[in-house]
Amino acid sequence: MKKHSEETPDWNDQRKRIIGLGESSIRKNYFPELQQKILELEKKNKDLNAAYEDLSIKEEELRQNYEELSTAEGRLRESEEKYRAVVSSSNDGIVIIQDGFLQFVNPKAAEMLSGAADEFVNLPYLEFIHSREHQKIDEIYQKRMHGEPVSSVNESVLVNKKQELVDIELNANIITYRGKPADLVYIRDIRERKRSQKALEQAKKKLNLLNYVTFNEIKNKIFTISGYQHFIKSKIGNAESPILSFLLKEDDLLGDITESLKFAQTYQDLGLKIARWQNVNQVFLMAISHLDFIKIKHHVMIGDLEIFADPLLEQVFQILADNILVHGKTATQVTLRYEQNHDESVTIFVEDNGVGLPAEIKESIFLPEFQKTKSVGLFLAGEILEITEISIRETGTPGKGARFEMTVPKDGYRFGGCGTENGKSA
Amino acid sequence: METSGSFELRKFVAPEFVLGTDARLLAGRYAKNLGARHVLVVTGPNIIRQGWVKGITDKLAAEEIDNTIFSSVTPNPRDHEVMNGAQVFKESGCDCIVAIGGGSPIDCAKGIGIVSSNGGNILDYEGVDNIPIPAPPLICIPTTAGTGADVSQFAIINDTKRKVKIAIVSKKTVPDIALIDPLPLTTLSHELTAHTGMDAITHSVEAYVSNASSPVTDINALESISLMHAHLLPAVKNPKNLEHRYQTMVGSLLAGLAFSNASLGAVHAMAHSLGGFSDLPHGECNALLLEHVMAFNYPACPKRYETIGKTLGMDFSGCSVAEKKEKIISGVVSLRETLGITETLSDLGVKKQDIPSLARNALQDPCMATNPRKPTIKDIERIYEEAL
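So the sequences go chain by chain: L and R. Just so you know, the working numbering puts the end of the first sequence at 426, numbered straight through with nothing missing. Just so you know, the working numbering puts the end of the second sequence at 388, numbered straight through with nothing missing.
Pulled out of the complex, with its shape left as it was, chain R reads as follows (with noise of 0.2 Å):
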């Protein structure tokens, strides 16, 4: 379904960002303007061992601020670690919520700020537009350049029972400010580097070709796509370079402030389905997913493809629709595996016979509902074969 050049009403929300160097040690004061006097720290333990959560607790210290660290949040947070945060933001009696880490300290914390707010469990404000009561002040310090949570309404909480990750969508969900400041990626690995510029890349093509995107959201797609193009090729080769780390962090924002207008598509929607049942990181999930999901898509907004693709530095002059296709696809490949990411979904152990329950989870998912074709249950099925 193509959108464009249609007048349909579209809004778009932001949090307040400062971007830039040492952003993240303006913690203390912001979370002061907030009101807080006690802060929950909500982080992972390799963030703190790398000792990027000290210099912002000192900061809170520095403001009279208490703080309570949890860190007990795995990648693809679980519904349990959220509520075991929310008790003891309740029990340390805390007002403000401060997340530093990549996207799964992140979405813990928004999951903790809706428990404490509406009670119940994190399960039930699964989908979009479910949370009556805003959630306490949160402070957002990403660590990736990829997650886009630190400014997105999105949040993704593992359902450990179905083995499913679900998706929570709410313009209450949104942070009250993101520091985002390039320097904590510097001590980010190779692998992750990668990781995460994909899942902003494929954030940024998802919104791009979205039925919900505008001309406000294509805007920062397109740019997301054009900055990671020049720069995380060049960051995962110089991780300490601060100019590319600096514009990855650039792109990042980019993509998650238009996939929150936007929203996704089938590649998350799948890629969300592949986290809950076997815990597999979501941005090598998205980039194995994204090249067949393009494909599939294709015929619903080639020329929104075609821009991508020009957004990539590709040239088409002369090429025939099926020669556009396959040379956009052939250069997100081409991208991924010049990443270093080469497996494919049978490496990372999943078999034929768990597509089905993958391809039914997957359907459930928000995120389908702005894909720009309309999947059946065959479709994805095909699209998760084709990634094996």
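Isolated chain L (complex conformation) (with noise of 0.2 Å):
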């Protein structure tokens, strides 16, 4: 509070400021700091409205944002539905597992497990593979996941928790979960169809057995019938008897039934030892080397061309270059070369400059009837080829030569031994 003096107030003064000219006029004088006030109000309120326009326009575009995601998310939640609804009624066992561990098992995968799910999740996934099967399963797994090239379907054998070993076929391929690289593998049981093999093999042994000594033994009562035929010939000694005529007829059919069982001895052997990756320039010259090749050229262009085929492949050559030698009759050269097409797969052309097939038979050449009347040994060629899916016809020109084209599917060649083919494994 003021201190208050003794002395007499200045009453000149006292009465100057009470007529009050001296003093700014009531109750207006706030009026400039008003109209500040408002002018600084008036500018805020434009800042607002100017903020609120931007944040309705951002709201909207949240709006939108929002009705988008809402709409992936249904999306997504449609798809994580469907996803489990495959994962959990597939008949292959189904896991992830990342950086070594288990990290999700289907209903499946659990049933062949022996267990839960819920109590393999963490678990190093190889407690559930065979230990010898350890060190190439692994290597496999720690390939993928740095990216080097690797077979996706392997074969192995899992232990369950009733130490049962399992026989299996895992296909894997890398995934992002929890947004780190992870192995999704399908696991399949192939116990049945390892039986089923087995069963087949032994089935394809006793039956080869039975062909051999059934060849066998044809091939011998052919070879007496050939002696005790030669013995009556030089019995008989007259050269103009009738009898003798019989006796080369029986030749030639003793001839066609010994062709038969040469046929039917490779036919036997199609389809029994698993396809493999094969060189094609190897092949080729392993084929040529039992004939007698040396007076034909041969241009080799097929690079490290490998192939998926039947281990008879190599015959498949031999009956091209023994149908040149045969029938190509002026054929001096033979060119084995490729192209890949558009569809990804890849022609193989074998190309001599003979007289060429005649246009009535390019049909028919590869026809079984053609072959018991010529015995050119194309059917067979067809058929080993069939096996892995490769077609093969005669595009060659009658009187300039024959052309075999021999057609891959795109996931039956590859270049360089690995790594290229589509989906075939060795």
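Source of the hints: derived by calculation from the structure; they are not laboratory data. Do not rely on the hints blindly, as some may be mistaken.
As the list claims (entries may be wrong) - Calculated lysine-lysine pairs in the BS3-like style (CA-CA distance at most 30 Å, straight line):
#, chain 1, residue 1, chain 2, residue 2
1, R, Lys32, L, Lys44
2, L, Lys37, R, Lys163
3, L, Lys16, R, Lys163
Once you've looked at the hints, go ahead and assemble the two chains, each given alone in its own frame, into the complex.
Listed below in structure tokens is the structure:
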């Protein structure tokens, strides 16, 4: 509070102040400040309106984004539901492996492992692979996770909680799981298939044995019959004897039986052995090495092309080369080359400069009837190639040479030994 | 010091006011006009008892304006009452003040407004033109005919520590609206009617002889004297007569406008000192001091006092200056006594030994600045002694 003086105030000054001319006008002296405040408020209001408009635009954008997100979320949920349904009801086991540990196990995989899905999560996947397979499977897993080329389909042996061994086929691919790379693995129980294969192989072995015994028995009998015929011919003496003509007919029949046996012996091996990747250049050179190919020049322009084919592929090239020698007549050279097609298949050409094939037989040379009459083996070649879906046809020009085209599907060839084929395992 | 006839600059400040029966009932409308949402009603217990407050708060409620009543106000309002009122104003979330009463509730309301806007203590704003920030909206409804506080730039507060009434003079204390209704006067006591009436007359006399008077304040002062002379005594005798009450209310209004702009003089300076010292009724103090101060001031402005005398109906034909003075002062004494104010300061408990202190405080009062004759402390002491 103010201090009070005992002195008499300056009355003139008091009077002037009472008259009040020095004082600002009452109640309105706030106006300039008020006006300033009003201007500030108007500016703030304007700014707020602008901010509100921005906010409205952003809100609309957010709303649209939200709708898009909702739609996407709906689709995702639907997709997840489908995925869950597929994964849950799959007849194949499905697991996700990350950093060597199981992160997801579907009901089928849990059944194969003999437990509940949850109890396998966060356990090392190798715990469930037979110890003799550890090195192989882990190497494949590590290579795949490091982006190195490796077969996606492999066979192995699973050990479940009950220590039972289960033959399995693993089909693996890299996915992103919870923001990190992971291995999505389909596990198929192939015990039944293995049993069937084994039974089939056993049956084939028995059949082969039966064929072998039968063929050798027939061969021995034919050889014995041929001996007897030769003996009969030498006893007849008279070259004009009508019996000789019957004996010659019997010789022809025995020749046909021998050829048929040779064909049947080759044909019985078809599909017996598992198809494999084969270097075309090497197989071709091996095939012609069995033939008298000294007079025929060969140009091989096949690079390091490999095709997935029956082990009898060499027989195919041998048949084609033999045809050049027997039916090419004027042939002096043969060319082996390939071309890649638009549909990603590849065509291997075997061309010669001989007389070529008459146009009227082009369509029938791969039929079994033609096989019986001409004995050129092309039917057999077609059958060998068909095992791995390779087609063959003749497209040469009569009088200028024969040309055999073998078309290999896109996942049935590769270059350089590995890594570029689609879906085939060695 | 004679100032009439000079051309010194003057201004005249008056609030908006509504005069007439039931003007008080416009409080709701005017509070709404001022943007009020919660009104602090400053009044006194007697006024509430007489029922004048209820009708006004009903009108506020009708306009959906909340109110908080603050009635802890005594005659000669104390500084702590003002501070309590300011606290209530703040705590209740008020944004407007309606004062209903005589000078005490109205001055207290002005003080509450000053503290609410400016903070600090009410005593910080003593003197002339010391209020930086305008107070909240103030509506005044006078219930006496004499205070003039409802239209004035004055607020008088009792400094309880120093035992002196301080005067706060600022145009920022002028109310926003005065609702001047004669009806509440009809319940005013004989005594209070006389005291407040003499207060109004003193306002007019002091304003008229003030060295800050102007032609405009003169008109108001003289018309006020004329009306009070004609209607005050009839109003005392016939308290329910609305015509006399109305005229005294107009007289009080005009006196208020006059002294608000011309200020006052030694009577009020000395009465303030008395009121602070012994809590004596303000109107009575004025009435007892007026004749003595007039006698002291007379030589400074005899013409003005003569005009006052004529306004009081006196005939000065053939009178000497001394006779005129004697006649005028006798007339004032007669009026006082007719109104029943016959005591002396001694009767009210003032002792001779109190006079030096009373005189010192009176000399400090801002009202002394506009007294037509500058008194010494001895002059003031002598006047007090004459009034004993």
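*asked:* Let me make sure I understand: some of the numbered hints might not hold for this structure. Which ones are they, in numerical order?
replied: The structure conflicts with hint 2 only, although it agrees with all the remaining ones.
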